[in-house]
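Engineer: Produce the complete structure using the sequences and hints provided.
Now for the letters of each chain:
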Amino acid sequence: MGLLLVAGPGLPAFGDPESAAAGHVSAHFVENAYLDSHTPNIVTVIIADYRGFDTLGEVVVVFVAGLACLFLLRRSNPQQTGYLLRRTDSIIVDLATRVMTPIIQVFALYVIFHGHYSPGGGFQGGALFAGSILLQRVSQGHENSQHTFSRHLDTPFAIAGVLIFAGLGVVTLLAGGNYLQYDQLPLGLRLDMLRNLGILVAEVGVAFAVVGTLVSIFDDLSCTGRGIPRD
Amino acid sequence: MTEFLQPLVIDRWAYVFTILLLSVGLYGLVMKKNLIKKLIGMNIFQTAVILFFIQQAYKHGGTVPIYDTTVGARPELYVNPLPHGLMLTAIVVSVATTGVALALLVLIHRRYETLNEDELLQKLRES
Amino acid sequence: MTWSQLPILTPVVLLVGATAVLLTGRIRPSLAHRLATATCASCFAIAIALAVQVHHHGPTHYALGGWSPPIGIELVADTLSVYFLLVITGIALLVMVGAAPAVERDTPGRSVEFFAISLIFLLGLSGIVLTGDLFNLYVFLEISSLSAYTLVSSGDERAGVAAFRYLIVGTIGASFYLLGLGFLYSVTGTLNMTDMAMRLDPAAIPVRLAAVMITVGLGLKMAIFPMHRWLPDAYTHASSTATALIAPIMTKVSAYVLIRILFFVFGTSMVSIDLPIAQAIMWLSVAGVLVGSTMAIAQTDLKRMLAYSSVAQVAYIGVGIGLATPLALAGALLHVISHATMKCCLFLVVGAVELQTGNRKLSSLSGIGRKMPWTFAAFTAAAVAMIGLPPTGGFFSKWYLVLGGMATGEWWVVIFVLGASLLTATYFFRLLESIYTRQSSELAPIKEAPLAVALPIVILGLAVILFGLFNSRILDLFLRDAMPPGLVISG
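Protein chains in written order, with my numbering: chain F, 1 to 231; chain W, 1 to 127; chain D, 1 to 491.
Misleading hints may appear alongside valid ones.
Stated by the list, open to error - Here's a subset of chain D near chain F, in silico, CB distances under 10 Å, partners left out:
#	residue
1	Y62
2	P70
3	T79
4	F140
5	L146
6	I465
Hints were generated in silico from the structure; no laboratory data involved.
Here a beta-carbon is modelled for each residue, glycine too, at the ideal position from N, C-alpha and C.
Structural biologist: Listed below in structure tokens is the structure:
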């Protein structure tokens with residue numbers, strides 16, 4: 001730790017707008033993001049367009065984590081799977097979650113789609129949406145909440161998300177550009193609107209993958225398979 | 001002494017917190033015996049690294065990096081957006097790793113009934 | 001699509017392959033393995049095509065999203081990357097071909113997911129060697145690491161604990177890497193490798209500290225002594241297929257990252273003259289060679305013995321990196337391909353033995369050499385290569401290391417490297433003797449392994465010898481061009 005303290009003074013001063021990190025690549029992002037893609041939220045443009053490949057990698061990380069939990073924990077024998085969560089006894093919790101869930105979901109969708117204009121995007125919105133599903137699981141009990149979102153949907157959602165994002169790149173490849181080069185999309189729109197759309201599709205893909213994986217991990221962690229009787 | 005301290009503590013005071021967090025994380029990771037506490041130590045360490053990146057991004061007088069037509073596109077008016085984007089990725093990676101680690105811990109607990117490192121080592125020696 | 005799109009194809013094919021495996025696995029599980037093998041085969045073909053292209057036209061740069069660096073992320077396929085990519089995809093294909101019976105036995109009912117995760121593991125590794133962006137490298141590093149942790153846990157009862165320890169150590173390593181990257185970014189403002197090499201100031205303290213942190217982080221992942229403790233458990237307790245997949249390539253790719261960053265980004269003079277990083281790596285690796293080889297002698301479980309042997313062999317690569325001369329680096333790189341083939345062959349043999357006999361204690365291997373002749377012929381070849389006898393590849397890589405050591409006057413290194421060969425000889429000769437000469441006490445008849453399992457083993461055994469015979473061709477084809485700027489192999 002002493003080493004780090006010694007290095008401290010060598011780093012740019014805190015809050016310095018002239019520091020090396022703030023210039024160069026980053027300055028280019030700030031100056032051009034709106035011009036390039038008609039999207040005000042510069043961070044979204046960075047992660048979904050300029051550095052979209054990183055975000056695709058991140059989706060793969062999420063996907064692998066979900067796969068890993070599935071691989072490690074899920075029992076293949078349905079007879080062995082026990083649901084740990086029962087329906088709550090409290091009327092307050094029951095009612096509150098019934099009211100809250102659609103509100104959360106609408107907000108989640110807003111966060112995803114409005115990520116162009118305000119902080120947000122696929123990950124954040126996806127996590128929120130997953131949260132609403134988990135809320136259902138916890139308050140209604142595992143068995144009842146299967147109607148809302150069956151656990152057989154987990155992995156397909158995740159796979160769909162990965163394929164949407166990766167497929168977007170393949171489409172751009174087929175259209176003659178480089179991978180994830182949105183301005184090559186054969187849709188006849190203005191260049192910056194094409195990128196706007198590309199970012200949107202990427203974020204939607206991310207959201208699907210996040211929802212699928214988070215719910216899948218929750219389901220894997222909470223079904224113990226110890227033979228706890230179904231509710 | 002002051003020439004050394006001043007640039008560190010005054011101009012770059014935020015980084016001192018990062019160093020503290022790093023130390024806390026490492027301490028927990030190495031010293032604690034419970035596997036979950038080790039995991040949390042690791043998580044704190046990762047969070048400190050993420051915090052480090054975010055701290056770099058701050059600019060005095062800068063605002064949220066969302067383009068505002070009334071303000072214009074000058075970089076010094078906005079907080080540096082690149083580290084924020086990078087750290088979105090890093091946070092997700094950290095969460096994913098923690099998730100897998102927890103799944104492994106569930107497996108370990110199922111098999112060995114304990115999550116304490118010493119007990120675990122003993123059980124491993126016996127079997 | 002033109003040839004210029006080649007670099008991106010490997011990751012994409014692997015990703016689509018992984019999802020396809022999962023989808024078909026739900027409908028017809030038996031197809032999953034074939035699909036995985038087909039994916040690996042196509043990736044190997046892509047790697048060869050890319051290698052040919054780089055050989056004729058020089059390094060290929062690929063700007064993702066159409067954004068040129070340093071604004072966007074680029075993939076860079078130069079000779080070094082392509083060399084590693086060939087090793088990765090080749091090993092993957094050979095392991096995948098014969099993997100079905102073992103995987104089904106080790107992870108019943110979950111083999112579909114096993115194959116999917118393996119493909120994502122390969123995705124991560126190929127991304128690491130192809131990317132030209134330091135943060136992108138971190139993302140792919142974590143992709144491959146997460147998959148590796150999961151694959152490791154697919155073994156026996158103790159695999160979970162081994163995987164957890166691997167996870168903790170690996171994640172700390174990645175975090176150190178990220179922290180070092182943070183320092184570098186704060187003083188250069190870029191993440192692209194070539195751009196950063198131009199912009200960084202070797203004398204600045206944050207840059208030097210970053211070099212140390214990144215080295216420590218990667219050293220954890222590479223199992224450089226004394227950070228090697230996770231490796232023996234992880235390799236021993238993982239299922240044999242997982243080990244055969246991970247052991248030959250995971251640590252090597254970490255070595256690739258070390259080479260790429262230390263020599264290409266920081267520059268040779270900074271890491272060997274200004275800062276004693278290279279020397280530190282060298283001495284720690286020497287210790288690793290000795291410790292690994294010694295511990296291997298004491299083992300009674302074949303897999304654990306091979307795992308400790310891996311610690312020693314990867315340390316040889318570390319010695320080459322640490323010596324930081326052209327010959328030594330060439331030796332290290334040659335050792336990458338030799339050790340990958342040797343270890344893969346050996347671990348696949350372990351898998352075959354498990355398949356045919358049900359266990360892997362050294363004592364039960366008596367006389368097995370005559371019952372599984374093809375398998376153990378290849379095993380013998382690999383063992384000979386591990387010890388470092390001519391004409392195998394193992395000999396030549398150590399030869400170059402020794403030459404490099406003599407050229408820089410590091411005589412102790414030379415002595416230790418040669419001494420370790422003697423140690424290696426000890427445990428392998430003892431093993432070979434038991435395999436071929438003693439009478440087996442097994443009553444049940446042991447047959448040769450099935451074709452799909454034995455064929456890759458034999459191919460690898462041959463490869464080990466071929467790499468040795470043709471080592472100068474490898475040198476000319478790949479290694480001369482793979483050298484970092486400033487290091488030139490003469491003669």
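Engineer: Work down the list of hints and note, for each, if the structure agrees.
Structural biologist: Results for each hint:
1. Y62: 7 Å, holds
2. P70: 5 Å, holds
3. T79: 22 Å, violated
4. F140: F140(D) check passes; min Cβ-Cβ to chain F is 6 Å, inside 10 Å.
5. L146: 5 Å, holds
6. I465: 37 Å, violated
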